[in-house]
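Asks: Chains as they are written, first to last, in the numbering used here: chain A, 1 to 585; chain B, 1 to 147.
Keep in mind that a hint or two might mislead.
Derived lysine-lysine pairs resembling DSBU-like cross-links, with alpha carbons at most 35 angstroms apart [stated by the list, open to error]:
#1 A:Lys519 x B:Lys128
#2 B:Lys72 x B:Lys14
#3 B:Lys4 x B:Lys44
#4 B:Lys30 x B:Lys93
#5 B:Lys136 x A:Lys392
#6 B:Lys123 x A:Lys392
#7 B:Lys4 x B:Lys93
#8 A:Lys242 x B:Lys128
#9 B:Lys136 x A:Lys242
Quick list of simulated restraints, FRET-style, between CB atoms [unchecked claim]:
#10 A:Glu538 x B:Lys123: 19 to 27 angstroms
#11 B:Thr59 x A:Gln530: 48 to 56 angstroms
#12 A:Asp370 x B:Leu120: 35 to 43 angstroms
Calculated Cβ distances over 10 angstroms to all of chain A for the following chain B residues [stated by the list, open to error]:
#13 Ile25
#14 Leu47
#15 Gly52
#16 Lys72
#17 Ile73
Simulated from the structure, these hints should not be mistaken for lab results. The C-beta atom is built at its ideal place from N, Cα and C for all residues, glycine as well.
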Amino acid sequence: MGWSSKLKSDIGIYRSLENGNLKNNNIIYYASGGNENRTEIWSYNHAITDQGEPFMAFDARISTIAADVPMILAGWNLLEDGEPTSKYLCVRWIKWSTTTASSLIGIMQIGIFDDSNNSWTTINDGSINIRQGPSGSIHTVQMHASFNMFEHAPQGTSAKHTQIIFNFVSDAFYPDARVRYISGFGFAVGYGAFERYTIGDIMGPLESEEFGPASLPDGGYNEGAGHGSFDNSSDIITHSGKPLIGVTTAGFINVYKITQGQLNDLGAKLFPSLNQIVFGNADPTTEDILMLLAQIAVGGTLTGGALPVQQMGIGLIDVLINGKLIDYILDCHVIPCSISGATVEGLKVGYRQFNDIQVARATEDYAEVDCGSLSIPEYWGNFLDFANVRCKLYLPFYGFIDLEPEAWNGGTISVKYIVNIVDGSFQALVYSTSGKSNLSNSLIGQYGGTCCVHYPITGLQYSNVISGLITAATGAAVSAASGDMGGAVSNAGNIANLRPMLQKSNSYNASNSFLSHRKPYLLIERGVSQFSVGYQNEKGLPLNVYMNLANVHGFTVIEDPVINIDCTEAEHDEIVRLMKEGIIL
Amino acid sequence: MNIKLYNTVSPPNKVTKALNLVADITGESKEEIDALNCAFKLSKGHLQGVQGSNYLYCTDTAKYYFINPDYKIENQTVTINCKVDPLMTYAAKIRQQSVTVARNANISNSYLLDNGYEMLAYKNIVTKEFPAGFDKAYDTIILMTVG
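Please work from the sequences and hints to get the whole structure.
Replies: Structure representation (structure tokens):
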């Protein structure tokens with residue numbers, strides 16, 4: 001037969017083969033875009049040089065494959081003496097043979113499709129098995145094809161063994177097949193040895209300008225121009241987790257969960273009233289007071305409601321000691337979540353442990369709060385879901401962030417918080433799973449802030465405590481030994497001065513974020529579109545597909561028609577003008 | 001020349017028009033006006049047919065024409081001005097063309113942007129709350145001490 005066999009990667013011819021439409025005999029071949037019968041196939045076709053690089057490559061992303069429906073994924077027109085023929089060298093998908101989650105096998109063939117009589121001739125001597133691997137992995141599957149199309153090959157032998165390597169990046173049911181190269185190779189069994197040759201040896205040199213990006217029928221702006229990697233895979237980004245080192249594991253720094261009542265008890269111990277010291281209760285009766293005064297006046301033994309002098313002395317000593325303990329309190333604040341892993345013990349403050357105040361001691365610095373996820377289906381199911389929509393995500397204690405529709409529309413958004421219970425800071429983590437984007441539960445945003453309210457029970461500026469935790473704590477411990485904690489000076493003989501000086505700055509409510517709403521939510525703004533009932537027939541809907549007009553019906557607009565009709569120039573221009581305005585087929 | 005007079009209600013931009021034959025007559029002459037327009041001279045006896053038609057086919061040229069409503073009667077001749085309809089004339093050839101279809105009434109890529117839609121002046125705003133958050137019941141007081 002002697003085809004010159006200059007294989008030309010040609011999307012235009014491939015499309016014209018079937019014009020992007022279904023055929024009744026269940027052979028589906030499709031060029032790009034579109035969605036026929038819910039089987040979406042994108043096929044990109046480009047030629048690469050024959051200098052050891054892949055000769056031809058195509059991507060076929062297959063989703064929702066109907067069972068046992070043969071589909072031509074890619075075809076290359078075979079030329080004879082430089083002229084197109086009705087024959088195409090094609091790679092054809094046959095069917096899934098096994099469709100379990102762990103073993104996905106598809107069957108493919110290589111053959112010749114003759115457009116003149118709609119015939120298919122399988123030329124490979126075996127099927128290609130596609131095995132599913134872990135998501136993102138690449139599997140190389142070799143298929144050996146033996147066919148006799150290179151009759152005039154240099155070696156002069158009639159049968160050539162050709163290897164087509166398929167590299168698959170498999171992801172669930174979305175195999176991404178690339179034909180890496182076609183070459184001859186030595187094959188020991190039954191065929192003798194051949195010199196390795198490339199398609200260039202067989203076909204003659206490819207004219208590089210013909211295969212340059214600009215010469216591609218699609219104008220060179222689709223994938224294929226520039227010979228890119230076509231790697232659109234997306235890594236799953238997950239948070240690296242909570243830090244392993246924290247303040248709570250430092251032996252001399254105590255982080256307690258304390259109740260309001262326990263805090264009040266501590267306060268009573270640190271700052272007892274004079275009545276407490278003298279009478280043992282905060283609210284003595286008038287009679288007790290008068291009795292005390294009378295007894296003091298006569299210098300007699302104190303009786304009545306007053307405590308014995310020895311006991312009063314012990315109480316006074318306690319005051320002197322406990323009053324210094326305020327220096328050993330680093331911080332007290334409220335966080336909006338619970339803590340886990342706490343062990344119970346008597347409250348330690350400096351060198352004293354109050355066993356009558358049993359508190360829960362935190363064993364890790366971080367708490368997690370899972371706010372759950374939202375799945376938002378597309379409202380229109382078309383471009384309006386993305387061109388006509390704005391969205392803000394409200395994050396508690398942070399505020400609103402802008403969110404692209406691709407991250408949530410038709411997908412799922414999840415929000416989790418990691419709260420540092422020591423300083424009240426947090427990181428809000430936003431995850432997205434979206435079919436339109438290439439996201440699979442990936443971290444798409446992190447937002448930090450503060451979500452606590454400080455109790456002003458120390459004399460320190462809160463900023464000193466919040467930032468540089470360990471440093472501040474260490475510094476505090478050192479200062480505590482010397483009795484100086486950031487300026488709160490105590491005079492051993494002055495009870496009144498045992499109360500620390502409170503800061504006058506606006507540090508009580510260090511973060512007004514604590515007042516905010518407590519659940520994340522989406523604020524979705526959608527434009528309200530208005531289509532008349534006649535819109536489709538009067539204006540048509542966007543398509544942008546290269547196809548034969550025999551398969552098109554209804555109102556049709558062709559923006560830049562290139563037509564080949566034997567007519568006058570004026571008639572040609574008129575047809576072009578009408579096509580641009582829209583014709584009814 | 002043989003001329004078929006038709007009446008059509010199909011829109012001018014319809015490639016294949018539905019035609020109702022009004023008269024099948026013999027024309028006297030055809031005069032070119034410009035590349036797309038011409039004038040046919042018919043016998044006055046065909047006036048009724050002309051009045052009932054808006055479309056014609058000329059066998060000599062093998063083309064279809066729109067008939068302009070303003071015809072002239074001079075002596076025994078009716079002159080009708082016509083403009084060639086290239087869509088109907090070359091309908092079969094047109095359907096053989098492969099082109100990039102930008103818009104179509106029946107096939108579409110619904111995710112391509114379409115700037116032809118109208119918008120109302122107001123927007124629809126909805127809120128969707130996440131199922132969980134920070135329950136106030138879990139607010140915790142943290143006390144940090146050294147010792």
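Asks: With reference to the structure, classify each hint as holding or not holding.
Replies: Do the hints match the structure? See the list:
Restraint check for A:Lys519 and B:Lys128: satisfied, since their Cα atoms lie roughly 10 angstroms apart, inside the 35 angstroms limit. Under the criterion of a C-alpha separation no larger than 35 angstroms, the hint pairing B:Lys72 with B:Lys14 is consistent with the structure, at around 28 angstroms. The suggested pairing of B:Lys4 with B:Lys44 holds, with an alpha-carbon distance near 16 angstroms, which does not exceed 35 angstroms. Restraint check for B:Lys30 and B:Lys93: the C-alpha separation of about 25 angstroms stays at or below 35 angstroms, so the hint holds.
This hinted pair checks out: B:Lys136 and A:Lys392 have alpha carbons roughly 24 angstroms apart, not beyond 35 angstroms. At most 35 angstroms may separate the alpha-carbon atoms for a hinted pair to count; B:Lys123 and A:Lys392 meet this at roughly 15 angstroms. A threshold of 35 angstroms between alpha carbons decides the hint, and for B:Lys4 with B:Lys93 the separation of about 22 angstroms falls inside it, so the pair holds. Restraint check for A:Lys242 and B:Lys128: the C-alpha separation of about 29 angstroms stays at or below 35 angstroms, so the hint holds.
As the CA atoms of B:Lys136 and A:Lys242 are separated by approximately 23 angstroms, the hinted pair is consistent with the 35 angstroms bound. A:Glu538 and B:Lys123 have their C-beta atoms about 26 angstroms apart, which keeps the hinted 19 to 27 angstroms range intact. Remark: the range hint 48 to 56 angstroms for B:Thr59 to A:Gln530 is upheld by a beta-carbon distance near 49 angstroms. As the Cβ distance of A:Asp370 to B:Leu120 is approximately 38 angstroms, the hint placing it in 35 to 43 angstroms holds.
No Cβ of chain A approaches the Cβ of B:Ile25 within 10 angstroms, the least distance being about 25 angstroms, so the stated non-interface status holds. With a cut of 10 angstroms on Cβ distances, B:Leu47 stays outside the contact zone with chain A, its closest approach being about 29 angstroms. The claim that B:Gly52 is not at the interface with chain A holds, since no C-beta of that chain comes within 10 angstroms of its own (minimum 24 angstroms). With 10 angstroms as the threshold on Cβ separation, the claim that B:Lys72 sits away from chain A holds: the shortest Cβ distance comes to roughly 24 angstroms.
A cut-off of 10 angstroms between C-beta atoms confirms that B:Ile73 is not in contact with chain A; the least separation is 29 angstroms.
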